[in-house]
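If you read the protein sequences in the order shown, they are chains A and B.
FYI, the numbering for the first sequence is 1 to 191, going by the numbering used here.
FYI, the numbering for the second sequence is 1 to 191, going by the numbering used here.
Don't take each hint at face value.
Identical chains share a label here; the pair holds if one copy fits it or two copies do between them.
[As the list claims (entries may be wrong)] Mimicking BS3-like on lysine-lysine, the simulated pairs with C-alpha atoms at most 30 angstroms apart in a straight line are:
no., residue 1, residue 2
1, K38, K93
2, K97, K162
3, K158, K14
4, K14, K93
5, K158, K38
6, K38, K14
7, K14, K165
8, K38, K97
9, K50, K14
10, K93, K165
11, K162, K50
12, K162, K64
13, K64, K38
14, K97, K64
15, K14, K97
16, K97, K158
17, K97, K165
Since the hints were derived computationally from the structure, they do not count as laboratory data.
2 protein chains.
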Amino acid sequence: MNYCQYCAAPLVLKIPEGEDRERYCCEECDTVFYQNPKNVVGTLPVYQDKVLLCRRAIEPRYGKWTLPAGFMENGETCIEGAIRETAEEAGAKVHVKEDSLYTLTSYKHINQVHFYFRVELASLDFAPGIESLEARLFRESEIPWDHIAFTVVNITLKHYFKDCKNQHFPVRMFDVTYSNKKIKRTLVSES
Amino acid sequence: MNYCQYCAAPLVLKIPEGEDRERYCCEECDTVFYQNPKNVVGTLPVYQDKVLLCRRAIEPRYGKWTLPAGFMENGETCIEGAIRETAEEAGAKVHVKEDSLYTLTSYKHINQVHFYFRVELASLDFAPGIESLEARLFRESEIPWDHIAFTVVNITLKHYFKDCKNQHFPVRMFDVTYSNKKIKRTLVSES
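One chain only, chain A, in its complex shape (with noise of 0.2 angstroms):
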């Protein structure tokens, strides 16, 4: 960030008085800049004992599979973002019931905060996206989880068909950290 977005002023970087952290601030109009977390919100759409997937079109990790997900837009709610990045990325239609948030990742290190939702596809009527070269069934046996291309969908498809055995759907909280380049997993929630 070096121009203010509203009269082109150049920024400073410093705390803001009755703040505790360095913040980007213009002193010409006497603006300051906040930064924060990005929404990543998703599906995990179910068809019987199998799990929709989609593969990667674009990078990073482009060619491993994921499950429906981006960004979350201005002027939606996370469930209504979910179903239209499930739509856009898998071409797919999706029942959403009631207690369909399924799992809530923060990746810290990278100011994400990623929701997945549980839901039923409405009918086998999918098809990729601009975004995917595939999206495809998936029962457990099958999962490519070698190519899986994101820490939070491998960790929500594990939670999944473990609860599966006892079809039982809390909400499961866990945060990706990155040190050293090594991924280290933090559960926050294993109820």
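Chain A is fixed; fit chain B onto it per the hints.
Just chain B now, with coordinates in the frame of chain A:
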């Protein structure tokens, strides 16, 4: 948004190639500026049969009561942010249980997502921070229902005292929308 924060060129509002909605774009340095919802993270601090509320010393809703909460910062998890805000606004230390997420609320008309975590007060050593006039424990019968600052806090407290009766605290999801200045409450999940 008027100017590019990287090169100070005037921004253009247009639909970037391959996208489906207008974004602020810099045609000089070829940057697209995405605008996304912000997260508000807070706690519902419990001590015996009481909950801790703060009376706001800032606008909006100066003088009204609320749960300690504020904008999530880059570089923290949702729970870390909620604990930080509880320390800042109520001077309170809390014990966080593993399954502590309690309410999740989208306010799509103002581009916010609110998270409240159910936590235990670690001690009675609390005091209002700079953004609070008072911090006080309330039994259910003492809650100043007509002076609660925000709808999400009102609904979170109502769920909590109802759930106390059978000591079962599932994650509650509900969205708050405004229409013609009249508040509509859409309960997405009442499980």
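Hint check results:
1. Taking CA atoms no more than 30 angstroms apart as the test, K38 paired with K93 passes in both settings, with 25 angstroms inside one copy and 27 angstroms between copies.
2. Taking CA atoms no more than 30 angstroms apart as the test, K97 paired with K162 passes in both settings, with 20 angstroms inside one copy and 22 angstroms between copies.
3. Taking identical chains as interchangeable, the C-alpha atoms of K158 and K14 are never at most 30 angstroms apart, the minima being 44 angstroms within one chain and 41 angstroms between chains.
4. For a Cα distance limit of 30 angstroms, the shortest separation of K14 from K93 across copies, 28 angstroms, qualifies, whereas the shortest one inside one copy, 47 angstroms, does not.
5. In this assembly of identical chains, the alpha carbons of K158 and K38 lie at most 30 angstroms apart whether taken from the same copy (24 angstroms) or from different copies (29 angstroms).
6. For the identical chains of this complex, K38 and K14 are neighbours both inside a copy (23 angstroms) and across copies (22 angstroms), given an alpha-carbon limit of 30 angstroms.
7. Taking the closest pair of Cα atoms, K14 and K165 never come within 30 angstroms of each other, the shortest separation being 53 angstroms inside a single copy and 49 angstroms across copies.
8. In this assembly of identical chains, the alpha carbons of K38 and K97 lie at most 30 angstroms apart whether taken from the same copy (25 angstroms) or from different copies (25 angstroms).
9. Neither within a single protomer nor between protomers do K50 and K14 lie at most 30 angstroms apart by alpha-carbon distance, with minima of 52 angstroms and 40 angstroms respectively.
10. For the identical chains of this complex, K93 and K165 are intra-copy neighbours only, at 26 angstroms inside a copy versus 38 angstroms across copies, given an alpha-carbon limit of 30 angstroms.
11. Taking the shortest Cα distances, K162 and K50 sit within 30 angstroms of each other inside one copy (13 angstroms), while across copies they are farther apart (37 angstroms).
12. Only within a single protomer do K162 and K64 lie at most 30 angstroms apart by alpha-carbon distance; the minimum there is 23 angstroms, versus 45 angstroms between protomers.
13. For the identical chains of this complex, K64 and K38 are neighbours both inside a copy (22 angstroms) and across copies (29 angstroms), given an alpha-carbon limit of 30 angstroms.
14. For the homomeric pair K97 and K64, the shortest alpha-carbon distance inside one copy (28 angstroms) is at most 30 angstroms, but the shortest distance between copies (35 angstroms) is not.
15. In this assembly of identical chains, K14 and K97 lie within 30 angstroms of each other by CA distance neither inside one copy nor across copies; the values are 46 angstroms within and 36 angstroms between.
16. Proximity of K97 and K158 under a CA criterion of 30 angstroms is satisfied in both settings, with 21 angstroms inside one chain copy and 23 angstroms between copies.
17. In this assembly of identical chains, the alpha carbons of K97 and K165 lie at most 30 angstroms apart whether taken from the same copy (19 angstroms) or from different copies (25 angstroms).
The structure fails hints 3, 7, 9, 15 (numbered hints given earlier, in ascending order).
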